[in-house]
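Given chain E, put chain A in place with the hints provided.
Protein chains: 2
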Amino acid sequence: MPSSAPGPTAPAPAFDDAPIGVFDSGFGGLTVARELAKALPRESIVYLGDSARCPYGPRTLQEVDGFVQQIGGWLVDRGVKMVVIACNTATAAGLAHAQRTFPVPVIGVVEPGARAAAHATRNNRVGVVATKATVESNAYTKAIRHLDAGITVFSTATPRFVEIAEQGIRMAEGPLENYTSLASKVYIRPAFEEIAREYLEPLRRAGVDTLVLGCTHFPLLKALIGGVMGREVTLISSSTEAARDVAEILARRSAYARADHEARYEFYTTGDDLEEFRGFGSRVFREPIDTVAHVDLV
Amino acid sequence: MPSSAPGPTAPAPAFDDAPIGVFDSGFGGLTVARELAKALPRESIVYLGDSARCPYGPRTLQEVDGFVQQIGGWLVDRGVKMVVIACNTATAAGLAHAQRTFPVPVIGVVEPGARAAAHATRNNRVGVVATKATVESNAYTKAIRHLDAGITVFSTATPRFVEIAEQGIRMAEGPLENYTSLASKVYIRPAFEEIAREYLEPLRRAGVDTLVLGCTHFPLLKALIGGVMGREVTLISSSTEAARDVAEILARRSAYARADHEARYEFYTTGDDLEEFRGFGSRVFREPIDTVAHVDLV
Chain E
7 MPSSAPGPTA
17 PAPAFDDAPI
27 GVFDSGFGGL
37 TVARELAKAL
47 PRESIVYLGD
57 SARCPYGPRT
67 LQEVDGFVQQ
77 IGGWLVDRGV
87 KMVVIACNTA
97 TAAGLAHAQR
107 TFPVPVIGVV
117 EPGARAAAHA
127 TRNNRVGVVA
137 TKATVESNAY
147 TKAIRHLDAG
157 ITVFSTATPR
167 FVEIAEQGIR
177 MAEGPLENYT
187 SLASKVYIRP
197 AFEEIAREYL
207 EPLRRAGVDT
217 LVLGCTHFPL
227 LKALIGGVMG
237 REVTLISSST
247 EAARDVAEIL
257 ARRSAYARAD
267 HEARYEFYTT
277 GDDLEEFRGF
287 GSRVFREPID
297 TVAHVDLV
Chain A
7 MPSSAPGPTA
17 PAPAFDDAPI
27 GVFDSGFGGL
37 TVARELAKAL
47 PRESIVYLGD
57 SARCPYGPRT
67 LQEVDGFVQQ
77 IGGWLVDRGV
87 KMVVIACNTA
97 TAAGLAHAQR
107 TFPVPVIGVV
117 EPGARAAAHA
127 TRNNRVGVVA
137 TKATVESNAY
147 TKAIRHLDAG
157 ITVFSTATPR
167 FVEIAEQGIR
177 MAEGPLENYT
187 SLASKVYIRP
197 AFEEIAREYL
207 EPLRRAGVDT
217 LVLGCTHFPL
227 LKALIGGVMG
237 REVTLISSST
247 EAARDVAEIL
257 ARRSAYARAD
267 HEARYEFYTT
277 GDDLEEFRGF
287 GSRVFREPID
297 TVAHVDLV
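Protein sequence lines correspond, in order, to chains E and A. Take 7 as the starting number for the first sequence in my numbering and just add one per residue. Take 7 as the starting number for the second sequence in my numbering and just add one per residue.
Bound-form chain E, shown alone:
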């Protein structure tokens, strides 16, 4: 047995109104925040988008690990009861370190998505679409095969999906004020479909029956990806699954917000264009983001 000193055994609080901390390199993590808001409408959320240093993909894992430590610390200082690393690259780079550092539970998006896929596949052939960095980290393959050694994982880097999702959001018609009616509308240009077909063809040929959307941007492209893969393929959203895990952790720790607690959403960005974040973010979050504050971490 380890010889470290025992910590205090605090009795379980029945409720905890503190917010959940969520962060990403930019907007993608807002799909996780959206799923949280849907599944846990009483929970407050503090969201930070590290737009100033976006994207994380091309950076070294060590550098991104440093960002995770810094942002996690900032969220913990703001009194969050949990931290969700809503970015696959940051999860691969810094999850374990963050779990060892911070006094609150920290989860990433990889394990929840991997677990859902391992449970869902019927033919033991699971596909993963993700950024190049995530595919190269092998994080999903390892996590899925850790749960079920009988599953073959087929991973494909689909770097342009981030750009397509962002373009599609920008091109969605109508003024920002109408964002709720645009809820699931990401504009799909024919050119986007061609790109998707090319990316996804190897996974179709491989006969996967389950496909993990291994980037928090990709749930925005569910219609596009699902259309190409066909209805018999189950799409797994890491964002939805991460929100489910948050719910389970809060339930197990009796740490839900009170029944009469009014959820508050706070948005921060390290970037300078607050109006851009507000407008674009509202469409991803599917609720009006009234104010965004700049935070200087860099």
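Rather than coming from a laboratory, the hints here were simulated on the basis of the structure. Accuracy of the hints is not assured; some may be wrong.
Said to hold, decoys possible - Straight line, CA to CA, 30 angstroms or less: simulated DSS-like cross-link-like pairs of lysine-lysine: (1) 148/E x 138/A; (2) 44/A x 228/A; (3) 148/A x 148/E; (4) 44/E x 228/E; (5) 228/A x 138/A; (6) 138/E x 148/A.
Just chain A now, kept in the frame of chain E:
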């Protein structure tokens, strides 16, 4: 990407009335079967207790892996839609191999229990009680720290708990016909409490706030173990958690039994004393086991 040939992508069946296969070296796995029957009352179960070769603990992992292959194959031949390895030693020895071998999902009891503990702990100090073989395999420590690298795991081998559970079941008063009234009554002798205190003292001193019952026999001792650990310590039953995982897998695959399906429970043992299995097993399963059939695997 792997180059193996694509498998057929079968459309998801809406329902599947096939039974769930459950096995253990003896009676312990009946706590898993009991939790399954409680959580999923429409599901049929085929249970095999490998009493002729019980206990698995002192055997080599290679030998136990062979048993898992043999029993898993027997269950698959009986048409089960899933296999639950309801034994920690057998999970450590043969889960991955079984997942690679059998055409149906195979789960063990370690990962579900580890996951529940990682989600439940508030002070990041988790205890595990298990047989010597399970503790030495480090299976729980690895599984818990894979999910949350910030958790310290304190494991203690409690070999006599199996014997105490079985003695306590035998000593429970009243005729077998009254087993339902004995449902949660495992007779606790004062000597049992002394043994439990001695085993659990290091975990109490370590300040764990969550304790995994890492052997399928141990849920029978929940009252004894909980009494010694105190109410502020959350007890995690691997049996309950494994049943939850089965439910999730069936839900994700649309493989539940039909709403009007009448569950059938079949019990088999490799041992010779069918009456002993029937009487003792009924008390663990908490439902009358009408017939037990001998099966010759050895």
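Taking the hints in turn, this is what the structure says about them:
1. 148/E x 138/A: holds, 28 angstroms
2. 44/A x 228/A: Distance of about 17 angstroms is within 30 angstroms: holds.
3. 148/A x 148/E: holds, 14 angstroms
4. 44/E x 228/E: Holds, at about 17 angstroms.
5. 228/A x 138/A: Distance ~19 angstroms between residue 228/A and residue 138/A Cα, so the pair holds.
6. 138/E x 148/A: Satisfied, since the Cα-Cα distance of roughly 28 angstroms is no more than 30 angstroms.
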